[in-house]
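Protein sequence lines correspond, in order, to chains A and B. Going letter by letter, the first sequence gives residues 26 to 277 in my numbering. Going letter by letter, the second sequence gives residues -12 to 223 in my numbering.
Keep in mind that the hints are not guaranteed to be accurate.
Claimed, not checked - Chain A residues, not near chain B, derived (Cβ > 12 Å throughout):
1. R35
2. S39
3. I45
4. S58
5. V61
6. A100
7. R118
8. V126
9. N135
10. W139
11. L150
12. Y161
13. Q166
14. V170
15. V174
16. H253
Claimed, not checked - Now the stretches of chain A that chain B is said to cover, found in silico as 3 or more residues with beta-carbon under 8 Å:
17. 232 to 245
18. 255 to 262
Please keep in mind that the hints were generated in silico from the structure rather than gathered at the bench. We put the CB at the ideal spot given by N, CA and C, even for glycine.
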Amino acid sequence: MRATESLSRRLLDSSVYRSIVRHGTADTNRNRSLVVFENLFLHVHPVKVREKTLRFRHTYWLGGISLACALVLIATGILLMFYYHPSVPQAYRDMKELSFVVDNGMFLRNMHRWAAHLMVFASFLHMLRVFFHRAYRPPRQFNWVIGVVLLIVTLLLSYTGYLLPWDQLAFWGVSVGTNMAKEAPLLGEKVRFLLLGGNIVSENALLRFYVLHCVVLPVGLLLLLSVHIWRVRKDGGVQGPPEEPSGREEVQ
Amino acid sequence: MSSVPPLDVVESADPLAMPRRVALVRPDIRPAVRTTEEPYVMTFPNLIVREVILFQLVVIGLSLAAMLFDAPLEGIANPLETPNPAKAPWYFLGLQALLHYFPPVVAGVLMPFLVVVALVVIPYARINLSAQPLWKGADTLRAAALAASTGGLIALFAAFRCWPIVVPTLAVAVAMFAARGGERGGALRRTLARVTLPEWIMFWFTVVAGILTVVGTFFRGPGWSFVWPWAAGTAG
């Protein structure tokens, strides 16, 4: 025990490790601060946070659950891309390959699917939470608008992914949806044609949905997500339930 | 101090009428700023560790779901064979249900457009920012206007025979009017009395969307007819 401790100590204190992680062990508040602001990913956080924002009922962690789902979806999505061809009928055959040939292929696809459902659901609950806590009030107005756009992008991601297995469920689910777009006045038909690359859901539509699903929408989501989270920090951290003023200003 | 004229403190709950807190400091006054003794904690480890645990819980939960339940996969897409019913994914089933009751332009374009616009304007609408309870003060006029508009809404949905919307709308309207004068009632009525109009609307929207989604998922069969979920061959 003593030996492993001293080994880990020597590793953590070695000049190589310290060249990667510049701060020492986080046993002082100074080093705990350094953990946050010397890290590209953690520095969206301030060094200190209000204690009550950590409470469960403050946010129900719904935004965090949505973000966790997004990360799981990116990881599983990239792995699924290794096994997928956006063409007819190979797309459907790839689903069968995933089920019966690829190691853990079914697990990957299941995980991607359930994470997608959870992300839509958690994002919607997150929106309700923010609304009923009135956390959209100044200065957070525009972040609410970004959130609405993010919800729409999430729905579009889920919807474009729905077509990719190229089974009956996918084909008719997307047919029902894109027939709705046709009804929009003036641009409806043209938008639908642009989206599908034709007048019916076909191989062109599969390729377009694939590109939207794997490139355009994820990039858009990540950009908006970065702005969304960055603005949370700029606006003073997560806003929980409305607070009653604790006391009146005294003017003596 | 008697020579100092009284200081006018303008108090307003309306943030638009009084967008910034203005402090008037005169040489003979010492202003005491409201101090909130808010405890702060270090982000690392308090927040970071919680975030990591949350991420792990989500991954564990999803892994369990992925091991227990397989994602659906039907036969290969066949444009010549239309399944009945052809259902959209669950988050669009509310929309698809609307399509069953209303003309396509209304259900597929107008209503989603209105929902998005309504969501976007929330933080800019005065009624949201002032956050006054719906029933407050002299509200006879407001009650009449609300009775007329909810009545009109219910009549409109009833005209399209859209019962899955009529019933929850009626229920929410009853709750909304039951909250009137509820400050003197029991605990539930006191809570309801504090609800603002936008909150009632959002609550109504959520209930209607939820009911349409559940009905669409479990209770709709061939030709969008009503079926019981345990009846054979209706798995959505």
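What are the numbers of the hints the structure violates, in ascending order? 4, 5, 6, 7, 9, 10, 11, 12, 13, 14, 15, 17, 18
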